[in-house]
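Student: What follows is each chain in one-letter form.
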Amino acid sequence: MTSLIIVSVLAVAVLYLGLFKYKTALLPVSVTGLLAAAAMAAMDWDLEKMYFSEMMLFDNYAVAFSILLILTTLLIFGLSRNYFEKISNNVAEYYALMLFALAGGVVMVSFHNLAMLFIGIEILSISLYVLAGIRRKDPASNEASLKYFLMGAFATGFLLFGTALIYGATGSFNLAAIASSGAFESALFRAGVLLMMVGLSFKVSVAPFHTWTPDVYEGSPGLIAMFMATVVKTAGFAAFLRLFLMAFAEASAFWAITVAILCILTLFAGNITAVFQDRFKRLLAWSSVSHAGYLLLAILAVGFSASSAVLVYTIAYSLASVAAFGIMILVSRARGNDHLDSFNGLARTNPFLAFTLTLAVCSLAGIPLTAGFFGKFYVFKVALAQGYTWLVVLAVINAMIGIYYYFKVIIAMYMKENANAVAIQLNPGFRLVLSIVVFLIFLFGIFPGLIANIL
Amino acid sequence: MSHFLIVGAALFSIGLYTVFSRKNAILVLIGIEFMLNAAILNLVAFGRYDRIDNEGQVFAIFAIVLAAATVAVALAIIINVYKQYKTIDPDKIKDMKY
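Each protein sequence line maps, in turn, to chains Z and Y.
As numbered in this note's numbering, the first sequence has no gaps in its residue numbers, which increase by one up to the final residue, 455.
As numbered in this note's numbering, the second sequence has no gaps in its residue numbers, which increase by one up to the final residue, 98.
There's no promise every hint is true.
Only some residues are given here: those of chain Y computed to face chain Z with a beta carbon under 10 Å [claimed, not checked]:
no. : residue
1   : Ala10
2   : Gly31
3   : Met35
4   : Ala38
5   : Lys94
Just so you know, these hints were derived from the structure itself, not from any lab.
The structure displayed is predicted, hence computed values, not measured ones.
Backbone N, C-alpha and C fix where the C-beta goes; we use that ideal spot for every residue, glycine too.
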């Protein structure tokens with residue numbers, strides 16, 4: 001709880017720093033504040049405290065995901081030095097909006113009442129509508145913002161209507177009261193669950209509600225796309241799982257088949273379209289759609305250590321995405337665009353970047369010795385324990401398709417030559433963050449027990 | 001009670017139809033508002049059967065506030081888009097290729 005207060009106050013403080021033109025202080029203040037927030041969140045471990053008359057519950061699930069969100073934001077801030085200054089003069093707004101979005105994310109992982117779920121999603125989304133369009137002079141950024149807004153607000157309508165129907169069927173917004181209401185057979189309740197599922201699917205880009213994803217990722221500034229792919233996706237799935245775990249778990253016989261169909265659609269839509277992409281940012285966007293499919297597998301298996309599987313998967317995915325998007329930003333800045341050909345010869349000019357990107361895409365593809373392998377392993381394991389063998393077979397086929405398109409960029413870096421490529425200069429922030437990410441991907445890839453037994 | 005539900009469902013459907021059929025971002029926004037207000041109407045109507053007083057009404061107020069915040073951001077985005085493209089038809093705003 002203290003961490004949520006710190007993040008919110010920090011965002012306002014950063015706005016004031018911007019108002020009084022202390023631009024150099026923005027990054028240090030944000031980083032210190034986030035470290036403090038992460039530490040305060042860690043102190044809530046095992047306390048299981050309810051806040052605001054059972055509006056929020058800080059159990060271990062909430063604490064683990066809050067810390068993950070805060071630390072991922074910290075990594076993104078580490079890359080942001082001199083990045084936002086190139087886009088506009090009002091740098092404070094970026095930090096403030098990202099911190100507000102983070103506050104929304106923390107609410108989303110710790111809600112114990114449908115009202116807080118709705119409010120958390122809205123805080124996160126409204127900040128992101130602005131962030132997506134923050135390059136005001138760039139048509140692509142405006143287009144991304146408009147599309148994201150129209151889709152997001154449309155999804156909000158579904159979410160709110162679903163909430164209203166569930167309230168009508170059960171007479172409460174409280175998750176525990178909904179779970180014990182026994183109204184699972186009523187048509188009102190079932191319609192509500194489906195509508196909420198549609199709303200949440202939009203937010204986490206599950207097919208067939210994923211159409212905004214590639215355009216929004218491509219049009220938004222690189223760091224914002226990174227934020228969407230890591231923090232927003234993690235928060236969205238943590239909220240999705242928390243809702244279905246704590247409120248709808250008893251009714252799983254009814255919604256499981258729908259989630260299974262969404263999962264298959266998402267996996268195939270994401271992976272098959274990604275094969276045909278020749279720009280790296282769009283490829284990452286489609287791959288993020290496919291990762292939503294793998295995460296849905298874990299939601300199917302509510303109860304069987306699904307939260308642990310989702311935690312491992314999102315940690316691995318966030319780390320790899322930070323590295324992949326970070327290097328994409330560097331390459332597209334140095335060579336003009338993010339076409340796969342721009343990566344030609346990177347192994348010769350920048351061996352460290354090429355190695356990091358190789359590791360990141362291996363982790364995204366799920367190659368052993370990287371964190372991503374264990375992410376997929378645990379997700380498949382919980383799905384198998386629930387008897388979804390056919391679904392896991394389809395998911396493994398998709399993972400193999402994934403290896404094909406992820407390796408296109410490795411081939412470009414190591415096998416193809418680019419005669420006039422020059423070495424890309426790294427600033428210390430990038431070097432530090434990428435080193436941390438490489439270390440953690442290896443660490444969790446070799447000792448998965450460090451994160452697998454947290455929840 | 002069922003009257004409220006019928007009106008709510010009708011509003012939601014009108015909003016849904018508006019979102020899909022209109023060629024103007026402002027009208028799409030109005031459609032979205034219809035959907036949100038349908039939900040808010042339902043919340044208030046269901047509030048009658050709640051064990052706790054006014055829970056549905058309080059949620060409705062939160063939803064109204066957040067919808068207002070969304071509209072403020074949305075209008076700013078639409079103005080910006082209009083400056084860039086000189087149109088606010090979402091179907092015409094597609095520079096990015098699939």
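Student: If a hint holds in the structure, say so; if it doesn't, say that too.
Tutor: Hint by hint, here is what the structure shows:
Because the beta carbon of Ala10 of chain Y sits about 12 Å from the nearest beta carbon in chain Z, more than 10 Å, this interface hint is broken. Interface hint at Gly31 of chain Y: satisfied, since its Cβ lies 8 Å from the closest Cβ of chain Z, which is below the 10 Å cut-off. At a threshold of 10 Å, the smallest CB-CB gap from Met35 of chain Y to chain Z is about 3 Å, leaving the interface hint in force. Because the beta carbon of Ala38 of chain Y sits about 6 Å from the nearest beta carbon in chain Z, less than 10 Å, this interface hint is met.
A least Cβ separation of about 7 Å between Lys94 of chain Y and chain Z falls short of the 10 Å threshold, and the interface hint therefore holds.
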